[in-house]
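Given only the sequences and the hints, what does the whole structure look like? Please build it.
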Amino acid sequence: MSGFFSKQHSVAQPGYSRWLVPPAALSVHLCIGQAYAFSVFNDPLTRVIGVASSAPDDWKLTTLGWIFSLAIVFLGLSAAFGGKWLEKVGPRLTMFVAACCFGGGFLISALGVHLHEIWLIYLGYGVIGGIGLGLGYVSPVSTLIKWFPDRRGMATGMAIMGFGGGAMIGAPLSVLLMDHFKSAESVGVVQTFLVMGGLYFCSMLIGALTIRIPPPNWQPAGWTPPLVQNKMITDKHVHIDQALKTPQFYLLWLVLCLNVTAGIGVLGQASVMIQEMFKGSVTPASAAGFVGLLSLFNMGGRFFWSSASDYLGRKNTYFIFFAVGAGLYSTIPTMGMTGNMALFVLLYALIMSMYGGGFSTIPAYLADIFGTRFVGGIHGRLLTAWSTAGVLGPVLVNYIREYQISQGVAKADAYNVTMYIMAGLLVVGFIANLSIRPVHEKHHMKHGDFDELDGIYPADDADH
Amino acid sequence: MNNSESSKSSSPWLLAVFWLYVLIPLSWGVWSTLKKALALFG
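Top to bottom, those sequences are chains Y and U.
Note that the working numbering numbers the first sequence so that position 26 is 26, with each residue one more than the last.
Note that the working numbering numbers the second sequence so that position 15 is 1015, with each residue one more than the last.
Since the hints were derived computationally from the structure, they do not count as laboratory data.
Errors might be hidden in some of the hints.
[Claimed, not checked] Now the in silico label distances, taken between C-beta atoms and shown as ranges: (1) Y:Q219 to U:P1012: 20 to 26 Å; (2) U:A1016 to Y:S406: 57 to 63 Å; (3) U:L1023 to Y:K411: 20 to 26 Å; (4) Y:A221 to U:S1027: 45 to 51 Å; (5) Y:D150 to U:S1027: 25 to 31 Å; (6) U:W1031 to Y:K442: 49 to 55 Å.
Predicted model, so just to flag it, every value in this text is computed and none were measured.
Backbone N, C-alpha and C define an ideal beta-carbon position, used for all residues, glycine too.
Here is the structure:
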């Protein structure tokens, strides 16, 4: 079994089409993206005992909020610590373990709901499922980059777009299943968890069985590495541990963290913001529609911007995110004051597309700076920036808003300062991006270093 | 055991089926979200 899942046994044979790799990656990312739709279970989980309405012994929303938080924390931890293991064992075994963890997490959580033991859900979805999220997120990234040296951005964009799309499938699927299974005695969550755990396990397993790594020296037919090398794209490789000793890693960490902090911050308040800025013309239902529209732009931006980065260059793409983004964030308060809702929606949608683009362009940026050999592991460690931003963004926005209101600022105007501060964060991100230079050659791996690892020095591939 | 016994080219049918396998649920998710988003313009 371990042989079948080993790295050596997942090397592609001649004739294998590289276009099988993106759907293999998508079959994992479309599953784990469900995490962003977990909130659809919140209301039913507060009525597990009372069914029609909450009973005194039912779980409170504050208790349930920890499930998602734990999952995101373990996503970051497993991506950071599991990345090195991924590079050692390959994507197939990593995807298989991710499938077991994510699918198994649902099954343990189903038992937790059945027994009404919250710690089982914390353990199941939060800890074990969270580990599945992190391993599943990073597992196909380096493989895609190696299969698509000519279109690194587009390839990773396809997979990471799937993470955005996963919530769009997960939310209606959960509602559909709960409606099917609910009865006078049950809210239907146990059965829904069991079905979803099984479905997600199977889908992720299909991805694990289909993915292949390219053989040594492989290149796309008819493609040769560009003769005039872009200084910002290296053909050398930096080891995961060595990457942490370079300033580039921390600058890129800051670039991701600031882009995500600003995006998460405004995404979290989008629904309330549009209702308060356009009082009377936006109902809670249309505000929910607005959030749905933003999630579409978030997903589309992941593919669009990372694909565009293949032509624009990674550094220039982030310059656009930070410069245009700062301008858009600063313009939003004016749109609210002038009452131009169409433009307000358009600007918000553009911001969300660049928020998504920040996630999907970063793996290709890492591959350009640190080489392709350990990009999966380095990407995993960089995802701690996402976890940090996940805490920082909402806290910053809520704190600023509460402070403004306590100072007597009208609710509709309390967002203005927030938007200006977010624009300021993007300016800092612009400076961090501006400071990124090629990695000093002392950090590059030498032939001897590779011999210790597996006897292959991948830079030889690039000489062909 | 080698899982990739065949050295033949990947079948275009296999490619099409695998892409449909991921694109159909994704399209359903996008459609469900779009329907919700229409409320904004309704």
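Verification of the hints:
no.: 1; hint: Y:Q219 to U:P1012: 20 to 26 Å; verdict: 22 Å, holds
no.: 2; hint: U:A1016 to Y:S406: 57 to 63 Å; verdict: 59 Å, holds
no.: 3; hint: U:L1023 to Y:K411: 20 to 26 Å; verdict: 42 Å, violated
no.: 4; hint: Y:A221 to U:S1027: 45 to 51 Å; verdict: 30 Å, violated
no.: 5; hint: Y:D150 to U:S1027: 25 to 31 Å; verdict: 27 Å, holds
no.: 6; hint: U:W1031 to Y:K442: 49 to 55 Å; verdict: 53 Å, holds
The structure shown violates the earlier hints numbered 3, 4.
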